[in-house]
Every structure is written in C-alpha cells, then in structure tokens.
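Sequences are here, hints too, so could you generate the full structure?
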Amino acid sequence: MTGSVHNALVSHALVAATQSAGPPPLHATGIQNAGWLLLVLPGLGATVLLLGGKRTNSWGHLLGVAMPLLAFAYAVAAYVQMLGYPADQRVRELTVFQWIDVGKFQIPLGLRIDQLSICFVLLITGVGSLIHIFAVGYMANDPERRRFFGYMNLFLVAMLLLVLGSNYLALYAGWEGVGLASYLLIGFWQYKPTAATAAKKAFVANRVGDVGLSVAIMLMFAQFGSVTFTGVFGSVGSASHGVVTALGLLLLLGACGKSAQVPLQSWLLDAMEGPTPVSALIHAATMVTAGVYLIVRSAPIFNLTADARLAVAIVGAVTLLVGAIIGTAKDDIKKALAGSTMSQIGYMMLAAGLGPAGYVFAIAHLLAHGFFKAGLFLGAGAVKHEMDDEVDMRRFGGLAKVMPITWVTFGLGYLAIIGVPPLSGFFTKDPIIEAAFDKGGVSGALLGTAALIGAGITAFYMTRVMIMTFANGRRWDEGVHPHEAPPVMTSPMIVLAIGSAGAGAFLIVGNRLLNFLGPVTGVPPVSHGLWTKVSTVTFVLVVIGGIIAWAMYGRREVPVIAPAGSPITVAARKDLYGDALNEGLLMRPGQWLTRLSVFFDNRGLDGLVNTVAATFGGGSGRLRRWESGLVRSYALSMLIGAVLLVGAFLLVRL
Amino acid sequence: MVTPAHFIALSVILFVIGAVGVLVRRNAIVVFMCVELMLNAANLAFVAFARMHGGLDGQVIAFFVMVVAAAEVVVGLAILTAIFRARRSASVDDANLMKY
Chain A
1 MTGSVHNALV SHALVAATQS AGPPPLHATG IQNAGWLLLV LPGLGATVLL LGGKRTNSWG
61 HLLGVAMPLL AFAYAVAAYV QMLGYPADQR VRELTVFQWI DVGKFQIPLG LRIDQLSICF
121 VLLITGVGSL IHIFAVGYMA NDPERRRFFG YMNLFLVAML LLVLGSNYLA LYAGWEGVGL
181 ASYLLIGFWQ YKPTAATAAK KAFVANRVGD VGLSVAIMLM FAQFGSVTFT GVFGSVGSAS
241 HGVVTALGLL LLLGACGKSA QVPLQSWLLD AMEGPTPVSA LIHAATMVTA GVYLIVRSAP
301 IFNLTADARL AVAIVGAVTL LVGAIIGTAK DDIKKALAGS TMSQIGYMML AAGLGPAGYV
361 FAIAHLLAHG FFKAGLFLGA GAVKHEMDDE VDMRRFGGLA KVMPITWVTF GLGYLAIIGV
421 PPLSGFFTKD PIIEAAFDKG GVSGALLGTA ALIGAGITAF YMTRVMIMTF ANGRRWDEGV
481 HPHEAPPVMT SPMIVLAIGS AGAGAFLIVG NRLLNFLGPV TGVPPVSHGL WTKVSTVTFV
541 LVVIGGIIAW AMYGRREVPV IAPAGSPITV AARKDLYGDA LNEGLLMRPG QWLTRLSVFF
601 DNRGLDGLVN TVAATFGGGS GRLRRWESGL VRSYALSMLI GAVLLVGAFL LVRL
Chain B
655 MVTPAHFIAL SVILFVIGAV GVLVRRNAIV VFMCVELMLN AANLAFVAFA RMHGGLDGQV
715 IAFFVMVVAA AEVVVGLAIL TAIFRARRSA SVDDANLMKY
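Residue numbers (my numbering), protein chains in the order written: chain A, 1 to 654; chain B, 655 to 754.
Note that these hints are calculated values from the structure, not bench results.
Here the structure is a predicted model, which is why all the values come from computation and not from measurement.
It cannot be assumed that every hint is accurate.
Selected chain A positions facing chain B (in silico; Cβ < 10 Å) [stated by the list, open to error]: (1) G621; (2) R624; (3) R625; (4) W626; (5) E627; (6) G629; (7) L630; (8) V631; (9) R632; (10) S633; (11) A635; (12) L636; (13) L639.
Derived coverage of chain B by chain A (criterion: at least 3 residues anywhere in the stretch with Cβ under 8 Å from a Cβ of chain A; other residues may be distant) [unchecked claim]: (14) 667-681; (15) 743-752.
Computed list of chain A residues with no C-beta within reach of chain B, every gap over 12 Å [unchecked claim]: (16) I31; (17) V40; (18) A66; (19) F97; (20) V102; (21) Q190; (22) G237; (23) V318; (24) F437; (25) S597; (26) V598; (27) T615; (28) G647; (29) F649.
The beta-carbon is built from N, C-alpha and C at its ideal position, and this holds for glycine as well.
See below:
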C-alpha cells in the first residue's frame, strides 16, 4: 500500500465530497467526440438483423459479432484518449442532439464519458463481444439465430445508453431498453410456456422497480428543475434531507428491480429459461449490475443521506445471504449460478451502501464478477450444450475428463468467485467485507458478519456445483455423448478465465482502479493491506465451506434423484418462498381487488349503462315490427295521421 | 237547385270510395285508380269552392293537381311495369321486401 499517494487521494476526495458535484464536465474532443458510435454500431446491427428478415440469415451472426467488436475497439480508443488527460479533466460530455425541447424543459441526448462510464463500456463491449462469439457456436443449430443476435445487439445499445447517458432521462431510456431486451431474450424460446412465463415475470418485477426510478426522476425535476447529472448533483446539496433520502430510497427501489435484490429478487432465477449466452451477458455480467451503477453514479445523492445508504447496505447484505442460500440447494446448474449472481450483486450493493468507503470496491467487484460469472455461465452453457440441454447437475458428474478446457476455465472462475488468492474474488471481495466492518457500530458489525458468512456459503455452493458437474463418476444417461465444445465456444471461455484470474489483481494491486475512479466516486477514508485479519477469517471460512461441500458431495456418490433434504434445503429449493411471499402478499390481494372492481364494474357501472341500452334496444326491437313492408298498412297509417291532423285543426279552431 | 253542398257531398263520397279502395284493394292498377279518384274528389271540391267564391285560385290549383297526377301516374306505372316484369305479380302485398 503506497501510503503517501493514498493520503493525497483521501484529501482530494474529501474536497470532492464537500463540493459533491466534482469538476464540471468538459466537452469531448477528438475520438471521444464520436461517442455516439457506441450506440450506432450495435444499433445498426440490431436494425439490419431485425428488419432484414430471413435474407440476413446466412451472415447475420457475423454482423452481430462484428458490431460489438467494433464498439469495443472504439471504447479502447476512447479509454486511451482519456488516459492522456490529467485526472481532473477526464469527465467529458457530448450532446448528440436536442432530445426534448419544451419551454424550460430542455433535455439533450447527452453522453458522459468519464472514468465510471468507460469502465462499464469496456466491460459491456469486451465481455459482450466474447459472449457474442460464444453464442455463434452455442446457437449454431437454432433456426432463429439471426433474431437472437438482433436482440443481443439491441441489448447492447440500451445498456450502453444506460451507462453513457449524461442525464437521468437518457439513463432511464436505456434502463427500459435493457428491460425490453431482457424480456425478449428470456422469452426467446417462447414456445416453451416456462420461458414465456419467466419473461413476463421478469418484465413485471422490473416494472415495479422502474416505478421507483421514474418517480425519482420526476422528483428531481420538480425539486431541481433539471435531470442532468451536472444539474442534479450541483443542486442536491441545497435540498432538504427528506427529499434527498426519498430520492435515495426511490433509486434503491429501481436498483432492486433491475439487480434482482430483495424484495424484487424472484425473477432472476426464472430468467435462466433464456439461452445461456443471455444468462451470461444480461443476467450475470451487465444488466443486473445496472442497479449498482445507478447507486454509484448517484453517489452525490447518497453521500448526503446516511439513511438511504444504510438501506442500500441492508438490502445488499440480505440479498447476498438469500442468494447464497438459494444457490446451495439448486440442482439446476444455471439456477445455482443465478443464486450466486444475486449473492455477488448483494456484495456490490452492500459496498455501494457504504458510501465513498465502498463505491470503488463495488465497481471493482462488479468488473471482476463480470469476468468470472460470465465465464462460469459460458462454462455451464458449454456443459448444457454437450449434455443435450440437460441442466440437472445430478445427471452430470465426471465431466472433467471429457471436457478438460471447460473444466479448467470453469475451475478458474470457481476459484475466483470463492476468493482464493491470488484470483479475482480475493482482491475484490475481501475489501468489501473489510469496508463493512470499518463502518463501525452495530450495523457495521452485522453487515460485515453477513458478508463473512456469505463468503463461506459461496465457497460451499460453488464447490458443490464444481464437484457435482466435473468430479466423481458419470451419472448421465446412455444416449448422451459429451465431448469438448468447439473452439468458437472454448476460446471466449479461455479469455474470460484469464480475466477471472487476473482482473482482481490488476484492479486492486497498486490501487489502480482506486486512483482511476477516485475523482468520480471518492476514496475510502481508511486503507488496508492486501492480507489482513479479515482476509484470514474469510479464507478459513472459505476453506471450511469447501470442505463441507466436499464431505457432502465429493466423498460419496451423488444420488440422481434428489433426497428429501432438511427444511432449509426445501425452503432454498423453493427460492426461500420468494414466489409464495409475492403470491400471498401481492398477487392474491391483487386478484381480490381485481375481482371486486370487476364485480363493481359489471354490476354497477355497466349495469346502469346496460339497462339504458337494453331499454332502448328492446323498445326499438318492438317498434321495428311496425315496418311490415305492407303498402296498405302504410296507407292506413297515413290516413289515420291525416284524419288526426284534420281533427286537431278542427278542434283548435273550435 | 244544385248548391255547393251537393258538390261537396259528391266530393266526400268520391274521396271515401278512393280511400277505401287504396286500403282494401291488392291490385296496384286499381290502387292507382283509387288514388286518382281521391285526387279528383279534391279537384271537385276546389272547383266548387272557386265557383262559389267567384275566384280563379281553386281552378288553377285543380290544373296543378292534374299535372302532378299525370306525372305521378307516369312514374308509378313505370315502377309497376318493372315490378311486374320481375315478379309476375301486380299485387301490392307481394312487394314487401323493405321491412324489418
């Protein structure tokens, strides 16, 4: 730990924290001035693939892969240009066009290229490109592969808009866009009822969170007259504490929906119905981390409200335990990994809830997680691909011999996620636990303990996944002949494995990410060495978790039919009753309310209107009979009418 | 001595015969003739009153009625011929398609 540099950064961060808005953004120049390319490139891919129809089938996947690669190349160029600027001039903005122009309500579609957004852009386009390449092989036999790549490119546009937007409205547009892409891709195999239902569930759960975000944006506009980052962060300091806390909690609600945090966590496990590259890209590496981005991006708001920060940290701590416990009981390899994703994002949220002490570590863990979880999902995808779409780990076993590359890459991801030094997780997770304890007081101790226990459970469930999939004897059926996946699938896995192994050390050792992000997110007030007492305790817990998993699953053969299990296992298999809770608390009362209003509508409002309509309808039905078509009866009525008229005249005259 | 009352009485008798004929007869030709009878009953009343008052108005209106009646017969008989050709029947009760 280089103390003097760190102290200088601390003082700088304190200055930055007091003015809270940071240095004003400068205009983007040079390569960065073409930042719209990041949106246009995948946008072009999505447009061509989705509008081009079947005639693009033969080369569609190549275009779908080329666009993210080009975007990644551009992102690297923009990053290199940023490195050329001094630290206080790295926040750059550009206006693509005037988006909304109504009186005082002026919103440009602006992009902000700064240290935080470039981290995300590199992750999204880099890991995104790798997953696109993997998908070429994974989706090779799917007749709808072209449409798949169209949706994937659409997702990239929305995700990049989310992280690049220089105002909350652009962020919101991206936020909704990724929700749409997620919906389309979870339900990609919509002929499966489970996939269609899962897609709807994800969409609805996300809507709940989106309400929070949209109300937050409205509140910002009402309070500050602006929704740009610069405008909001500039005037948030003068807002009342209540408003700031409300903003923080509403943003947290949005983050909970998108990042599958308790209480809006239930959709993520079902989202595994989508193709595995989708799970890797959207539901592990990028989209589900958007909530963390939102919190860290809104740091100037959260820095002013300890209550909202505490809520974020509690949500994170609860989710990291819930996700981990669910992960321990799932036999579906993808769902076990999904539980793990929830849990890891819980760590990030916990870190983000610690304020400047944790923002950097949240992002560090997010980036490292992007590598190792994407790698793990691609590994799971390769296994699923070779096992004829089987996902039940009880029917795997002994795959290490037949799929050595997958075994090694998955194994590196496994070692990274449980935090074995010197792989990524060790460098990025330990500082979060450390920072939680540093918070002090009862809350700090509780949060830290939760994070510690979570690390132990992580080791348990990941070891379980590893053993059940790759170790022991074969449990798969007769007709299945797994062998190593083709190079187009293994090569992205290898790259991601290298990333999972090295990303943590790259980001943390020498405070590389800290120095880079510090001007935007602030710097932790205290610093620790790489190996501390907490690291030792964490490591011991990780080893214990691993040993328990080995004792339960490695030492003896895993039964193909799942045993009944303890009450906790049963609860975890049912996602800790998340669905039952939603059903009991929201769905059933909602249904009753619906039925009540339907009854009132049918009998009350409709009854009134229907009675009037029925009276006229029935009456005219009877009157209609007068129109008999008999000329002579018409003549008679004319005669009667004439006689009546004459009679009336005579009467009046008399 | 023939007084206007006689003319009016004849006119009423003719009108009633015409009206009853329109209501009870089925043959369209007869119905037409009955309509003519009613028109001429009215003409007779006009002319009688004109004579009584020594004015020309009623006589002029009688001419107008005759002209309109002639035009009406032309159009009516043309329709009747067309219907008869199509349906082989001149009964007004058979032409009853325009109903509920």
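Cross-check of the supplied hints:
| no. | hint | result |
| --- | --- | --- |
| 1 | G621 | 9 Å, holds |
| 2 | R624 | 4 Å, holds |
| 3 | R625 | 6 Å, holds |
| 4 | W626 | 8 Å, holds |
| 5 | E627 | 5 Å, holds |
| 6 | G629 | 3 Å, holds |
| 7 | L630 | 6 Å, holds |
| 8 | V631 | 4 Å, holds |
| 9 | R632 | 6 Å, holds |
| 10 | S633 | 9 Å, holds |
| 11 | A635 | 5 Å, holds |
| 12 | L636 | 6 Å, holds |
| 13 | L639 | 6 Å, holds |
| 14 | 667-681 | holds (count 5) |
| 15 | 743-752 | holds (count 6) |
| 16 | I31 | 79 Å, holds |
| 17 | V40 | 65 Å, holds |
| 18 | A66 | 70 Å, holds |
| 19 | F97 | 63 Å, holds |
| 20 | V102 | 56 Å, holds |
| 21 | Q190 | 50 Å, holds |
| 22 | G237 | 78 Å, holds |
| 23 | V318 | 71 Å, holds |
| 24 | F437 | 88 Å, holds |
| 25 | S597 | 40 Å, holds |
| 26 | V598 | 36 Å, holds |
| 27 | T615 | 19 Å, holds |
| 28 | G647 | 15 Å, holds |
| 29 | F649 | 16 Å, holds |
When the structure is compared with the earlier hints, no violation turns up for any of them.
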